[in-house]
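Once you've looked at the hints, dock chain B against the given chain A.
2 protein chains.
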Amino acid sequence: MCVLQIDEEVAKLLALKAQIGGDNVKHQFVLKTAKETLTGKYGEDSKLIYDLKDQGGELLSLRYDLTVPFARYLAMNKITNIKRYHIAKVYRRDNPAMTRGRYREFYQCDFDIAGQYDAMIPDAECLKIVHDILSELDLGDFRIKVNDRRILDGMFAVCGVPDDKFRTICSTVDKLDKMPWEDVRKEMVTEKGLSEEAADQIGEYVSLQGGMELAERLLQDQKMCRSKQACAGLSDIKLLFSYLQLFQVTDKVVFDLSLARGLDYYTGIIYEGVLTQAGVAPGSTEAQNGTPAEESVSVGSVAGGGRYDGLVGMFDPKGRKVPCVGVSIGIERIFSILEQKAEASAEKVRTTEVQVMVASAQKNLLEERLRLLTELWNAGIKAEVMYKKNPKLLSQLQHCEESGIPLVAILGEQELKDGVVKLRVVASREEVDVSRAALVDEIRRRTSQA
Amino acid sequence: MCVLQIDEEVAKLLALKAQIGGDNVKHQFVLKTAKETLTGKYGEDSKLIYDLKDQGGELLSLRYDLTVPFARYLAMNKITNIKRYHIAKVYRRDNPAMTRGRYREFYQCDFDIAGQYDAMIPDAECLKIVHDILSELDLGDFRIKVNDRRILDGMFAVCGVPDDKFRTICSTVDKLDKMPWEDVRKEMVTEKGLSEEAADQIGEYVSLQGGMELAERLLQDQKMCRSKQACAGLSDIKLLFSYLQLFQVTDKVVFDLSLARGLDYYTGIIYEGVLTQAGVAPGSTEAQNGTPAEESVSVGSVAGGGRYDGLVGMFDPKGRKVPCVGVSIGIERIFSILEQKAEASAEKVRTTEVQVMVASAQKNLLEERLRLLTELWNAGIKAEVMYKKNPKLLSQLQHCEESGIPLVAILGEQELKDGVVKLRVVASREEVDVSRAALVDEIRRRTSQA
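Going down the list, the protein sequences come from chains A and B.
The opening position of the first sequence corresponds to residue 27 in the numbering used here, with each subsequent residue numbered one higher.
The opening position of the second sequence corresponds to residue 27 in the numbering used here, with each subsequent residue numbered one higher.
Chain A on its own, in the form it takes in the complex (with noise of 0.2 Å):
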């Protein structure tokens, strides 16, 4: 996944290649720089990415997310079908705001299936993973919102939108979820030069939400009908719920037309995850598209993705497809959420995982200190000690206290000789007694549930 590693190994393959002397491949297709490979496939999300210029002279840009140079890797490498995940860090030349989790460097985490498959099958497993990942983080109620690139495609043909207005248009109706439709609409008529029947028409079709039904009712539509792309992507909507039922993800689930997410690489099926309990994220809060949501507003997009079938393709010497399905997790925006409700609460939360400080009560006990604690590392224990030849008793015990250390083993004089540790339990202040070759035991009996 590391881009200049690919850069050099491509370089070194091309350099082989034309040293033995050439193949009969037509198209010749030398990928030289990062910046040509992230060149025309975030639309108007391009803005966004970091140039950099090396030493050497050659144009460089930082990562814009993960999606485009895993389609790299497939088609440089020829990967015709995997499935993996992949957590790094990607670079935006956006206004960070600090509170909501929008930084320029931040962490992406990713997981595609990429493969020949029967339709919707891995993209309903995407919509699964989401799914139990947002359950899992208990991060409040939630939804999962879900379209298809060719539904929305479908939709502007018959509401009349002319063929090179659907991307931007596109991306007018993306903003749905941060202004009203009345925006939205103005921003269609006056900016975009849509025609106001057009624009109403697709006022209609973008407040409508629901499940199975809509996608059944969607394809007795006597306008949609007419699109050929539309009905594609309203069978398989129906079919992926059909899996949807089987995988018991419905519930949070939803087909919802004012779902257009930016990015120009999608080719069918793209989902959203946003949280729907107010007050759990600082965010907007506007109503959605116009009509009140039937659950409370979104809070914000916390996972996203979809199908781009032909990303792979645009990498490869022959063009070669390979479909893929995907989804990213915005591991800030939920770090944030999680932070804020962390804080929010009385519980403290542990910056260590240190289960006891080996502490003593006297001078001239470090050696000591230093010996019991590599007992307690060598057994397996989290331990730590002062870098003190002499702390004083107290300042060890409001270390535990500061940092949630939950035991202190105390040594003094009478301890080494008797064989024992002094073992306190800060919480309580209790203090025991225990043997040194009890010691490990005792430790891990009275940590087992932290």
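FYI, nobody ran anything at the bench for these hints, they're computed from the structure.
Some hints could be false.
No copy is singled out in the list; a pair is fine if it fits within one copy or between any two copies.
To be verified - Quick list of in silico lysine to any residue cross-link-like pairs, SDA-like style, CA-CA up to 25 Å:
1. Lys264 with Thr400
2. Lys389 with Gln274
3. Lys408 with Asp459
4. Lys109 with Gly406
Remember, it's a predicted structure, so these values are computed and weren't measured experimentally.
Frame of chain A, contents of chain B only:
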């Protein structure tokens, strides 16, 4: 630890300070770009820093290591003591060598202890950690070489190296693990203009290796004694070894006067973990520093670090120092060694943790497969299906053999009627009927040791 975040935080704070109306700080210190942060910290290695320009025209660089960003983080957040590990990518414009795990973009794993503590206690803990990591990873035999920047500087002084040549002569000494003493001597004399006499005196010292007793002997050495710096370093080495004895790691630690790590920021103890088993890893196998090493030859450094007491102060507006000691683990190099060991052994390395594949023997059972898959997933079993409506049983079994999945849960019309699943052990081809209710426990039982 995120450079861009820190930049932004710093910019905000400085802007706020300007608004408030300034303070009495005499020395105005504005750290604007990452490039300035990295400049002047790495000595001759600075040429390996990747520079980059962002679209706004600010001069930026990719981080070269995790130590300098850590030091800046401490200074900017006024943290005076902390202990942390950090795994992240760094970038170097070096000549890559894939087989030896040398890349331009690679992961480092750092552990550092910052704070004003008593001498050598945190330093000894760092060495204990390197010892435990290298032991646990089962990389073959290893040594941890230890030296001290003050001993090197003192040695250079008493051998007659002019003050302004300490750093450049030190860089040459650092090459002793890659080239024989004769070549090192030649570089000192011919390229760096050192007198032959001084070079020969250095040659005598840098051939010395030992433990605490060597430090004691050198403390008695007439010439070495003339340097206060060297004496301070030697006393600390003695103290260090006394703690290492308590930590039970002296069998692997060698006080080696030829160790001279290149980076400018070290101020005290320095160390390097090297694998000593020939053939474990490809790499330099030249004899070390002219004299045959006590053990087998070194085959590559996999960990390194030292004390850097001045680095945090360089980022603090008031120059307040925070003493630090730390270590970097060369995880890419370790990975390439482990990969080569895995390839050389007959044992197949699994790339997936899947415990069971849910398969079907007949057609039209996709829904039944997905239903069983959901049962298994919800019970925490790692399971998968092939993403096909009607996959052939043979191809499902082949997939298990190829990817090392140990069990197959096979559904057929008969099994569904009987309320059972045919559980097949891939290795032995044994098949047993298991009741649906008992399946989860049976899979757990059969894969618990895996």
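Against the structure, the hints:
Taking the shortest alpha-carbon separations for Lys264 and Thr400, only the inter-copy value of 19 Å comes in at or below 25 Å, while the best intra-copy value is 62 Å. When the C-alpha separation of Lys389 and Gln274 is checked against a cutoff of 25 Å, the pair qualifies only between copies, where the shortest distance is 23 Å, while the shortest distance within a copy is 63 Å. Taking identical chains as interchangeable, the C-alpha atoms of Lys408 and Asp459 lie at most 25 Å apart only when both belong to the same chain, with a minimum of 20 Å there against 45 Å between chains. In this homomeric assembly, Lys109 and Gly406 come within 25 Å of each other (Cα to Cα) only across copies, at 19 Å, whereas the closest approach inside a single copy is 35 Å.
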